[in-house]
Amino acid sequence: MTQEEIPAIEVSSLSRSFGDLVAVDRLDLTVAKGVFFGLLGSNGAGKSTTIKMLTTLLPPTSGSARVVGFDVVGQARQVRRRIGYVPQMLSADAGLTGGENLMLLAKLYEVPRAERSARTADALAFMGLTDVGGRLVKTYSGGMIRRLEIAQALLHRPVVVFLDEPTVGLDPVAKHAVWDKLRELRSHVGTTVLLSTHDMEEADALCERIAIMHQGRVVGLGSPAELKVAVGADATMDDVFVHFTGGAVGEGGTYREVARTRRTARRLG
Amino acid sequence: MRSPGHAGRLDALAEPISAVVAFTRDSLAVVEVELRKLTRDPTEVFTRSVQPVLWLLVFGQVFGRARAIPTGPMRYLDFMTPGILAQSVLFTSIFYGIAIIWERDLGILQKLLVTPAYRGALVFGKATSAGVRGIAQTVIIYAVALALGIHLRFGARILGVLVAVVLGSAVFSTFSLVVACIVKTRERFMGIGQVLTMPLFFASNAIYPIDMMPSWLKVVARGNPLTYLVDALRSLMIEGGQSVFGLGIDLAVQLGALVVLVLVAARIYPTVAR
Chain H
573 MTQEEIPAIE VSSLSRSFGD LVAVDRLDLT VAKGVFFGLL GSNGAGKSTT
623 IKMLTTLLPP TSGSARVVGF DVVGQARQVR RRIGYVPQML SADAGLTGGE
673 NLMLLAKLYE VPRAERSART ADALAFMGLT DVGGRLVKTY SGGMIRRLEI
723 AQALLHRPVV VFLDEPTVGL DPVAKHAVWD KLRELRSHVG TTVLLSTHDM
773 EEADALCERI AIMHQGRVVG LGSPAELKVA VGADATMDDV FVHFTGGAVG
823 EGGTYREVAR TRRTARRLG
Chain L
28 MRSPGHAGRL DALAEPISAV VAFTRDSLAV VEVELRKLTR DPTEVFTRSV
78 QPVLWLLVFG QVFGRARAIP TGPMRYLDFM TPGILAQSVL FTSIFYGIAI
128 IWERDLGILQ KLLVTPAYRG ALVFGKATSA GVRGIAQTVI IYAVALALGI
178 HLRFGARILG VLVAVVLGSA VFSTFSLVVA CIVKTRERFM GIGQVLTMPL
228 FFASNAIYPI DMMPSWLKVV ARGNPLTYLV DALRSLMIEG GQSVFGLGID
278 LAVQLGALVV LVLVAARIYP TVAR
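Residue numbers (this note's numbering), protein chains in the order written: chain H, 573 to 841; chain L, 28 to 301.
Mixed in with the good hints, there may be bad ones.
To be verified - Straight-line alpha carbon distances no greater than 27 Å define the calculated DSSO-like cross-link-like pairs of lysine-lysine that follow:
hint : chain 1 : residue 1 : chain 2 : residue 2
1    : H       : Lys605    : H       : Lys800
2    : H       : Lys753    : H       : Lys605
3    : L       : Lys211    : H       : Lys710
4    : H       : Lys710    : L       : Lys64
Think of the hints as simulated: they come from the structure by calculation, not from any bench.
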């Protein structure tokens, strides 16, 4: 298999249980390189658990997953070198400046010393944060923190970037600013993006391909246009979602997930 | 072509060397971040020094007058000062693990764990920065001790004191991190932190010599790393102070405990993020 043919993400019969709860249930998924891919589902559908397994944070209960050809369990370090990750929570360190947050990640991501300053400056500029790079993150707005975090995830020029609910809790202006930056990222050849969202509009606006997840499984797969056509003329993404998940809005996720989302929303103020 | 034997040996060396370089870089990156945060908000250094100062000023003065504790030719206040420094190291470090739970809740931990950084380096960096906090406590306690007329030793031994304090801080903060990784929530951690500190303190030679303990407590005290920290500090800090176990043993016990704890912590650290 040549370098080009290796899929960015290859998931085979991947499962993860927490006690009796099956969060991800024999998931199969392939994401080609360079694609902007959306995992769409309600709270508790298994999106975050899937991302945690693909980013090596959580070992699968069974099945396997490869990222850029490397096994997420057996070759975790190889995987980590090639991915960027923006967690659902606002994870930039509020006690540091934007620049310091970037510098920390540049070191941990093995960016060569000679390139660190330039890459950090580039990342700040790309995300429109150059003017505030020297300010403490605790003075940033939610949208600025999110953009900083995306910058952190791009410093080492990863092959695949994972974004877990990147705009949850953001106001519409901040949300659109993040979308603009993600669209710019999409135009960068070669960067594969996998994002999870429960926002139909977001999936429609950003993603070239979408997997609809429900109860730990993929219940619908295709481009937004294909999915809409499959449901019927004039269908919206909302209709698509209801069609594939059987109208279930979901149980609302576990206590921890809801608590985390609220906490994120609170930090965003 | 170069001779395969020589090149092979160099190649075999290159990997461990680059691993050591990477480990050091990762650890230093963590230390740098912790120090920046500490210097921006040093409140904690001062609030943490209130308790040891009270022990010296109140408990030490009263018990020194009572002469209830046999400390040989050494004044009681001289005897207990290294114990209070060790206590301060313990109390400052033992709640360090809560930062991990906090960082997990914020998502900072997850982000660090997704980088190729060595898990051991992330843990070791935290341990080293706890050592810096320990040094800050040492400065404050030395100032109070000077004011109280404690018979302090100066010169090169101060370096020894700093080494012992950094090692002790690293040991107890990594222990705290292990506990945090096991209990996983702030509420449980606070409860357990309270439960751990007092037994560790009282089952040590910090404020009374091991000789006056009942035999069962002697056994516990000998297994307590705090005892060895106090023993080292007593011989290094105080005029006429002597080590019961020998300075080499004291430091070896700390170092051994640190290596074991860092290895354990590096293994279970990632489980906090699940």
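Hints and how they fare:
no., hint, verdict
1, H:Lys605 x H:Lys800, "24 Å, holds"
2, H:Lys753 x H:Lys605, "19 Å, holds"
3, L:Lys211 x H:Lys710, "25 Å, holds"
4, H:Lys710 x L:Lys64, "12 Å, holds"
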